[in-house]
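Peer 1: These protein sequence lines map, in sequence, to chains A, B and C.
Residues in the first sequence are numbered from 403 upward in steps of one, following my numbering.
Residues in the second sequence are numbered from 23 upward in steps of one, following my numbering.
Residues in the third sequence are numbered from 2 upward in steps of one, following my numbering.
What the hints contain is simulated information worked out from the structure, not anything from laboratory work.
The structure displayed is predicted, hence computed values, not measured ones.
For each residue, glycine too, the CB sits at the ideal point set by N, CA and C.
Don't take every hint at face value.
Claimed, not checked - In the EDC-like style, the derived pairs of lysine to aspartate or glutamate whose C-alpha atoms are separated by at most 20 Å in a straight line are:
1. A:LYS546 / B:ASP303
2. B:LYS304 / C:GLU49
3. A:LYS502 / B:ASP190
4. A:LYS502 / B:ASP303
5. A:LYS503 / B:ASP320
6. B:LYS143 / B:ASP160
7. B:LYS383 / C:GLU35
8. A:LYS559 / A:GLU447
9. B:LYS81 / C:ASP41
10. A:LYS548 / B:ASP190
11. A:LYS499 / B:GLU269
12. A:LYS438 / A:ASP427
13. B:LYS360 / C:GLU49
14. B:LYS254 / B:GLU357
As the list claims (entries may be wrong) - Computed far set for chain B versus chain C, every beta-carbon distance over 10 Å:
15. LYS75
16. LYS263
17. GLU269
18. THR333
19. MET363
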Amino acid sequence: MYSYMKLILIATLFFGPSFFAYSADLGETAPAFSLKSISGPEPVELESQTEKILYIDFWASWCGPCKLSFPSMIKLKELFKDDPFEIIAISVDADSKSAKKFLDSYKINFKVALDSAGVAAEKYALPGMPSSFLLDQDRKVIAKHKGFRKSDFTKIKEEIEEALKRTGT
Amino acid sequence: MKKINPLVALTGAALALPAIAADQPTSAKLSFLSSTYHEKDIKNSTILSGAGKRYDIEKNQFRLVTPLGENWSGDLYVSQEAMSGASPWGTFDGADDESSLIMSGATIRDKRTQVNLSGRKYNEDSSYGFTLTRSKEDDYSAKGFGVSGEWDLNNKLSTVSAGFSFSDDEIKPVDALKFGRIEKGKKQTRSFAAGWTQIINQNSILFTGISHTVKQGLLSDPYKLRDTRPSKKAEWTLSFKYRQYFENRNAALHADYRLYNDDFGVTSHTAGIAWKKSIGDKLKIAPRFRYYSQSEADFYAFGDNYSLAKTEAQSSDHRLSGFGSTTTGVQISYELGKWSMKMSFDRYSSKNSLGHAESEKEHPALLDFTLWSAGFDLEI
Amino acid sequence: MKLLIIKLCFVASFFTSGCSSVEPWERGNLAKPEMQISGDAVDDLLLEQVFYSKEAASGGIGAAGGGCGCN
Chain A
403 MYSYMKLILI ATLFFGPSFF AYSADLGETA PAFSLKSISG PEPVELESQT EKILYIDFWA
463 SWCGPCKLSF PSMIKLKELF KDDPFEIIAI SVDADSKSAK KFLDSYKINF KVALDSAGVA
523 AEKYALPGMP SSFLLDQDRK VIAKHKGFRK SDFTKIKEEI EEALKRTGT
Chain B
23 MKKINPLVAL TGAALALPAI AADQPTSAKL SFLSSTYHEK DIKNSTILSG AGKRYDIEKN
83 QFRLVTPLGE NWSGDLYVSQ EAMSGASPWG TFDGADDESS LIMSGATIRD KRTQVNLSGR
143 KYNEDSSYGF TLTRSKEDDY SAKGFGVSGE WDLNNKLSTV SAGFSFSDDE IKPVDALKFG
203 RIEKGKKQTR SFAAGWTQII NQNSILFTGI SHTVKQGLLS DPYKLRDTRP SKKAEWTLSF
263 KYRQYFENRN AALHADYRLY NDDFGVTSHT AGIAWKKSIG DKLKIAPRFR YYSQSEADFY
323 AFGDNYSLAK TEAQSSDHRL SGFGSTTTGV QISYELGKWS MKMSFDRYSS KNSLGHAESE
383 KEHPALLDFT LWSAGFDLEI
Chain C
2 MKLLIIKLCF VASFFTSGCS SVEPWERGNL AKPEMQISGD AVDDLLLEQV FYSKEAASGG
62 IGAAGGGCGC N
């Protein structure tokens, strides 16, 4: 009786934590995804984003710091509106109604996708909430951010400028 | 003949422990709560002398929590209360006669003000906070501080917390000369708490905590006719707080338990349960129930014994008797944009027989009370 | 007694292995205000004060952690 239990006990302790096959580490190609758009019928896909610097932000209506990151993202998009730069904000809210309610208080100028099942979130192995990834035109991850503080805005802005410079635009 | 219940006042000091820290606030919030507390009158037949009208308290609480810069938050809490009523001075254990309570005289009034000022610094995987507290009323003042820390482990699945608080209290009983009361008393409280919070799964979380408190100085009630308690007291608690979310019911279950023990000989169990139900996205209703039970202190006696030397420990305080209590209540809140209106009602009832280790004879001062509250939260 | 300890570990191992599967993006329910370990501070202070002045036991009210675990 005990030996079985001991065996299962050891097994759960060792193999319990799940490890991800995917990740989105610096220098790697960011995992592809195809998600429902919050605003229209056509899906938001990563494959379709090429030749552009892409800022992907994972957020949720229940996440406090996400309230700080939205005004910054709106400003970033505004700042780089003439450049090959795109933002995709991916909501991991289980209920899309909460995501929509959250967005009501902002004038969103970028694409918002829904990942209520957490498929993309799992592929990107988010280290925290919010998490963001900056991709170059080859879909390589060139910067990663965990959490959000107001001062992150300048850092992200510089990273985008740097990336745009490298693409020669 | 003023001020009869110093234990009411002691609370300002005891609540200095600032271990209550949530996620870093991203916007400021102002809260206001106004409450009316009413104790049921004492049965006239149990009163030997004095008034049977017990405590009424009107209380207003304000709180402002605000982010300060990127990494700090500030928290200002102010409460004011006006109390009036009478409370027990002593008991006389007369053979079979029911009347045994010696109450204070007619209605007396007092006011208490408490201010807590807290700050907290948030780092990526930890936070540190402090609280300064001050409480004042005519005959009682308390100054205290607290510090606490919180450390996230294992990608924030676990949180370890620890806190220390200190309070320095002074009591100057009113009419000390007239009634032969002690003129001035001091008390110091040191409290240490540590806890572990664990996310169990997507819908449940468990907190386990311990605390140890040492009180030194005047622990007796100077307003009672005969009340002598040891000048040092050590207390321990072990607590569990469990939260479970039920998605299909849109509700959260709260289940709390606390084991308490002190070297006055009191052991107590406190169990609480609440069902926090959301109806639509604006209305919340939360019925709650709490059960409390304590054993009597080693030196508790139903009747005051005047033949015992004044230095011998003895107390007829009903709060040191063996009894139990139930509290049944409900809280309702409604969201209106940035406003959240809230209301609650609780009814408390205590009895000898509800306890796990009841005293031999029920203390007539064991009380019942009702508590009404109404207020709001405003996101700024 | 030994069996009891093993049984307890057995149960605990389920908890801990269960714990590690709650990813940052899966904490929407845990982030709800009604799921916090410490409730509304003003309400808590009021009740604690009332009970403190009527009963011998006190303490052990502070708690930390929980929430969305946001960064």
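Peer 1: Which hints, by number, does the structure contradict?
Peer 2: Hints 1, 2, 3, 5, 6, 7, 8, 10, 12, 13, 14, 16, 17 contradicted; others consistent.
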